[in-house]
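Work the whole structure out from these sequences, hints included.
There are 2 protein chains.
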Amino acid sequence: KIDASSTNDLEQRMEAINSILEKTYYNVETHSPESLDWFNVLIAQTISQFRTEALSSDNIVHSLNDALTKAPLPDFLDKIKITEIDIGDDYPIFSNCRIRKNPQNLSNLQAMIDVDLADTLTLGIETNLLLNSPKPLTAILPVQLSVSIVRFSGCLTVSLITVGENSDVESLEGKGTALMFNFAPDFRLEFNVKSLIGSRSKLENVPKIGSIIETRLKSWFIERCVEPRSQVVRLPSMWPRSKNVRQQTTPAAATATT
Amino acid sequence: KIDASSTNDLEQRMEAINSILEKTYYNVETHSPESLDWFNVLIAQTISQFRTEALSSDNIVHSLNDALTKAPLPDFLDKIKITEIDIGDDYPIFSNCRIRKNPQNLSNLQAMIDVDLADTLTLGIETNLLLNSPKPLTAILPVQLSVSIVRFSGCLTVSLITVGENSDVESLEGKGTALMFNFAPDFRLEFNVKSLIGSRSKLENVPKIGSIIETRLKSWFIERCVEPRSQVVRLPSMWPRSKNVRQQTTPAAATATT
Chain Z
95 KIDASSTNDL EQRMEAINSI LEKTYYNVET HSPESLDWFN VLIAQTISQF
145 RTEALSSDNI VHSLNDALTK APLPDFLDKI KITEIDIGDD YPIFSNCRIR
195 KNPQNLSNLQ AMIDVDLADT LTLGIETNLL LNSPKPLTAI LPVQLSVSIV
245 RFSGCLTVSL ITVGENSDVE SLEGKGTALM FNFAPDFRLE FNVKSLIGSR
295 SKLENVPKIG SIIETRLKSW FIERCVEPRS QVVRLPSMWP RSKNVRQQTT
345 PAAATATT
Chain R
95 KIDASSTNDL EQRMEAINSI LEKTYYNVET HSPESLDWFN VLIAQTISQF
145 RTEALSSDNI VHSLNDALTK APLPDFLDKI KITEIDIGDD YPIFSNCRIR
195 KNPQNLSNLQ AMIDVDLADT LTLGIETNLL LNSPKPLTAI LPVQLSVSIV
245 RFSGCLTVSL ITVGENSDVE SLEGKGTALM FNFAPDFRLE FNVKSLIGSR
295 SKLENVPKIG SIIETRLKSW FIERCVEPRS QVVRLPSMWP RSKNVRQQTT
345 PAAATATT
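Protein chains in written order, with my numbering: chain Z, 95 to 352; chain R, 95 to 352.
Hints should not be assumed to be uniformly reliable.
Given that identical chains are not distinguished, each listed pair holds provided it fits within a single copy or across any two copies.
Here are the computed lysine-lysine pairs in the PhoX-like style, where the Cα-Cα straight-line distance is at most 25 Å [said to hold, decoys possible]:
#1 K269 x K164
#2 K269 x K337
#3 K175 x K164
#4 K173 x K288
#5 K312 x K337
These are computed hints drawn from the structure, not numbers from a lab.
In structure tokens form, the structure reads like this:
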């Protein structure tokens, strides 16, 4: 009996999905992928604004230095000094947007989007490895390190889901919409790691160090937003509110309202 | 001297805009409008989920009745009872997305999107007009009212802007991205208002009542999100975080990870 009702439930959800596709004139089998050139422009503009602000009065260097000063470091690491920052000058390109049924949840439609970024984002630091054994500061080993992300590409999956702060309470209050996104496991993330260790006899670009850092950064990404994991970010309500009104006050705007 | 520096500033912003357009391969003069069929599907799915929840155990009737009970009413109005609710069964269609320079702010690029909704959203209520002069409850006039939105179409303008909680502090912390949107003044919003006033000699569909309600609802909309006014809604950060991770736990997902 439970089986029958859950089958009915599934059937109802499938019907709902088909009704949505019909009323929005979207056939998942035959619809061609759509371009997102407009979206690329809006995102690029945001990134550009962020970069301008990051560069003004060395904002990003200060922010990062503050973060590194406050961060708890292991006792074998000396203070970290930032020697190089490159926040890039190119923009991600989103393309080929298509709607597909979620194979893991047939009552959910999702958008799949190709993302490609060819840019150089670099962070270079300088520190010392402190060897505290057999006694404190037995040896101090200078380390210079620079890590660049030079390429990212992957398939992004996006959907909108309903979330509730207290989902067990049957009420519309506290309900909201969240953006759920993740990347397919076959993403491509390429790094360029440069290292220089030691003072007199310098070790340059030890391959082991590059691969440790690459693995750590990739794990960071995989653990957060690569399938089967997703990021779920609650979106604010777009319902028009008085407190969100902003009025144009330029002379041009004033004449435009007449 | 001030003129020269502000001209330089404007020139720099224009250069930044041109660089964005170049790097995203978007020519505002020649690029054809893009379809948003995928977006229509995602939005429809969200609306559909909202409707399902609103209808389950009469959630929306309870929520609205609660709101109306709590709302402070003028002393000439009796308790308001909801007699009819229709939350519609169709979805908005977004189309013709194109990037344009903002004529009021040349250093801002915005997306313009046509929106069309043909649906019937109805709220019907029943109450009494209380005539309290010359003395309290001199007369009680029953009123039945039903207001339907049957059509909306307009041109939506969307852009992403940088906002700061404390914009005077030169810091990246507290900085965020906001979605700014409004509708062009030539939007179309059509209503269907039905009214029935009085007990014995009934007045049906007094045109004055319909036009008062239409004007009030249109003003509500115009004051919030019609040019030159905009809605500015701060967006949450999309930076991947541990606390936003959701992992699929279905058997299908478990095998997909191997």
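Hint numbers contradicted by this structure: none
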